[in-house]
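Visitor: Given the coordinates of chain U, work out where chain Y should sit on it, guided by the hints.
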Amino acid sequence: MQDYTVYVPKLIPKWESFVPGHRACIGCGEVLAVRLAAKALGRNTIVANATGCMEIVASPFPHTSWSVPWIHTIFENTAAVASGIEAGLKVMMRKGRRPQKDIHVTAIAGDGGTSDIGLQALSGAFERRHNFTYLCFDNEAYMNTGIQRSSATPYGATTTTSPAGKVSIGQVTWKKNMPAIAVAHGIPYVATACPSYPFDLIAKIEKAAATIGPAYVHIFSVCPTGWRCATDLTIRIGRLAVTTGIFPLYEVEDGQYKMSIDFPKLRPITDYMKLQGRFGHLSSDIIDQIQLTVVKKYEELREKSVASIDAEDKS
Amino acid sequence: MANRVGVEVSIALAEAVGLANTDVIAAYPITPQTHIVEHLSELVADGELDAAFIPVESEHSAMSACLGSAAAGARTFTATAGQGLELMHEVLYIASSMQLPIVMAVANRALSSPLSVWSDHSDAMAVRDTGWIQIFVENGQEAVDNIICAFKMAEDHRILLPVMVHLDGFYLTHVIEPVMLPNRREVDNFLPPNDYPLPLWPENPVAMGDFAPPVIYFETKVAQEMNLRKAKGPIIETWEEFNKTFKRHYQPVELYKCENAKVLLFTMGSVSETAMTTIDKMREGGQEVGLVRLRLWRPFPYEEFRNAVKDVETLIVLDKAISFGGPGGPVCSELRSALYNESKKPKIVSIVAGLGGRDITTSDFEQIINRGIDIAQHGSDKEYEIYGVRE
Numbered sequence: 001m002q003d004y005t006v007y008v009p010k011l012i013p014k015w016e017s018f019v020p021g022h023r024a025c026i027g028c029g030e031v032l033a034v035r036l037a038a039k040a041l042g043r044n045t046i047v048a049n050a051t052g053c054m055e056i057v058a059s060p061f062p063h064t065s066w067s068v069p070w071i072h073t074i075f076e077n078t079a080a081v082a083s084g085i086e087a088g089l090k091v092m093m094r095k096g097r098r099p100q101k102d103i104h105v106t107a108i109a110g111d112g113g114t115s116d117i118g119l120q121a122l123s124g125a126f127e128r129r130h131n132f133t134y135l136c137f138d139n140e141a142y143m144n145t146g147i148q149r150s151s152a153t154p155y156g157a158t159t160t161t162s163p164a165g166k167v168s169i170g171q172v173t174w175k176k177n178m179p180a181i182a183v184a185h186g187i188p189y190v191a192t193a194c195p196s197y198p199f200d201l202i203a204k205i206e207k208a209a210a211t212i213g214p215a216y217v218h219i220f221s222v223c224p225t226g227w228r229c230a231t232d233l234t235i236r237i238g239r240l241a242v243t244t245g246i247f248p249l250y251e252v253e254d255g256q257y258k259m260s261i262d263f264p265k266l267r268p269i270t271d272y273m274k275l276q277g278r279f280g281h282l283s284s285d286i287i288d289q290i291q292l293t294v295v296k297k298y299e300e301l302r303e304k305s306v307a308s309i310d311a312e313d314k315s
Numbered sequence: 001m002a003n004r005v006g007v008e009v010s011i012a013l014a015e016a017v018g019l020a021n022t023d024v025i026a027a028y029p030i031t032p033q034t035h036i037v038e039h040l041s042e043l044v045a046d047g048e049l050d051a052a053f054i055p056v057e058s059e060h061s062a063m064s065a066c067l068g069s070a071a072a073g074a075r076t077f078t079a080t081a082g083q084g085l086e087l088m089h090e091v092l093y094i095a096s097s098m099q100l101p102i103v104m105a106v107a108n109r110a111l112s113s114p115l116s117v118w119s120d121h122s123d124a125m126a127v128r129d130t131g132w133i134q135i136f137v138e139n140g141q142e143a144v145d146n147i148i149c150a151f152k153m154a155e156d157h158r159i160l161l162p163v164m165v166h167l168d169g170f171y172l173t174h175v176i177e178p179v180m181l182p183n184r185r186e187v188d189n190f191l192p193p194n195d196y197p198l199p200l201w202p203e204n205p206v207a208m209g210d211f212a213p214p215v216i217y218f219e220t221k222v223a224q225e226m227n228l229r230k231a232k233g234p235i236i237e238t239w240e241e242f243n244k245t246f247k248r249h250y251q252p253v254e255l256y257k258c259e260n261a262k263v264l265l266f267t268m269g270s271v272s273e274t275a276m277t278t279i280d281k282m283r284e285g286g287q288e289v290g291l292v293r294l295r296l297w298r299p300f301p302y303e304e305f306r307n308a309v310k311d312v313e314t315l316i317v318l319d320k321a322i323s324f325g326g327p328g329g330p331v332c333s334e335l336r337s338a339l340y341n342e343s344k345k346p347k348i349v350s351i352v353a354g355l356g357g358r359d360i361t362t363s364d365f366e367q368i369i370n371r372g373i374d375i376a377q378h379g380s381d382k383e384y385e386i387y388g389v390r391e
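Top line first, the protein sequences correspond to chains U and Y. Letter by letter, the first sequence follows residues 1 to 315 of this note's numbering. Letter by letter, the second sequence follows residues 1 to 391 of this note's numbering.
Calculated from the structure, these hints are not laboratory results.
On the chain Y side, residues computed to face chain U include the following (Cβ under 7 angstroms):
no.	residue
1	D23
2	L67
3	V206
4	M208
5	I216
These figures come from a predicted structure and were not determined experimentally. By construction, the Cβ of each residue, glycine as well, lies at the ideal position given by its N, Cα and C atoms.
Isolated chain U, as found in the complex:
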């Protein structure tokens, strides 16, 4: 890892398409991920943005943080808007009304806009095999409206609509496995990423953009405002999410799972949870239960991953 620091200035393009001046909260992991993703996507990109934090912080009329074409319409339809852009450009290029060009049509949305209200539109766009990339920036709740729970909120987290109380531990459901839903559509590329691992994130976005057909990248985005953590811990918490096995980094290419970083021994989840106020109320019983589940799910993922490597070896 140390070697990277030598090459950092060379590895990451200096060019920005998500420029300074946005209004994201201090310590926002999501905006950092958007910036890295924008660099990876490059200039020949059109962005369709769902309503949410990244839309609000980047686009108070008459300003914009985007220097590539960008469109926001409503909350739940971003994948459908991207479908229309992709289909429109394809036809106009075929008819000679636009020059032939490889344009990265990219839809971006939060976890609510993806795994809740936008899921139907996203499923449709995947199924129709549009040539586009969908980036879900997951900060594990509706942060833009004030930290309400979504289906991506982790078990036990307190939010404003899953508050911990005398008879409730907070969120009582387990995080929806959105990457698995994407995989189930049989699309060519699915990956998870986190801006705490910037090179991995950039490489995956580049791969997604180069994919012919739908690509999905689920990006873990630390939210100090909503997670009740210190704003200077964003990168560390992102790394702990990965090293504890809470948010494993992996790719699924044509259905083949591959761990991006594998840990034979995971860190205890308390390393991750104790830094965040949203888990502060949890009893050790509940934490133990979460620990067991995290390890179990991680092992399941590893097994799938190993199995696919085995399958490659055999072929």
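Guide: Same frame as chain U, now just chain Y:
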């Protein structure tokens, strides 16, 4: 040369979309719109129309895909009806507010519940305030002509607004009529390629759909309102230009046998042709009645409407929708307010009839008109009259 054919109206309408060399069609099937999109799918599948047909998973996504397509600069069409139009509802506002020139055919259908696939204007009235240009047609020829005109209006740089063409489900969509289908060259001459200003394209990046804080939101809405109102001029010009090429003339308000008429019936959509037959018969019987039909529903043609009814004593307005708990007929309520401040105005009678595909026949119209005359003379204790319901 145009080709006069006997054809189902939905097929003719789809042919018109094809003649317009449409780039993208995003649609979800719903009765009675289905024959339109089925035929468009066929045209694309047979290579007769070089377009992308996006078989979306809902009407919400149909309109959303249309947003993206139109923003990219592609000529964009969709069609829907009833519940489908309602599912699009919030997206419709985006199309008009962001000035995206989408053309949509609406096969007017009643709204659930109870479920009804049959026709009325409940769906159209529910999207009255969405900022779209809205045109009602009475027969297959008008549907074809106005689809072609709709693209020209929508893409006109003086307008740049989405256009809905309303045609009654089944009454129009599923009937076979003689229709003059223009040829491709004539349509090409009339309708230039879509040249959307500032489309989504990397060499000239634009940001579309910023959010507006209170300091600017109101201005954007007033600008939108002014733009829709002033679109009336270019809309009329489009119809006049169409007339020059195709010899069929459309106007915002159209009159039928209104000379010396003291009583006028007011209709929208396919019932107008039935009403004409009644007017003929009643005129033969010596009653001086006429028919006024609204073609351009939005922007509302105040001047033309006031002018059409200025010398009339009684105006009987037919609505095929109910504004529940309110004024009854939504169209009549608008006409009343359009005339309220006029010094000379007719007595206005609001009639609601024909919901959920209940037929309104020529003899029904005769009864409606006579009842309207009676109410105008003797008054009524009701806000509006229901016609044709079993007690």
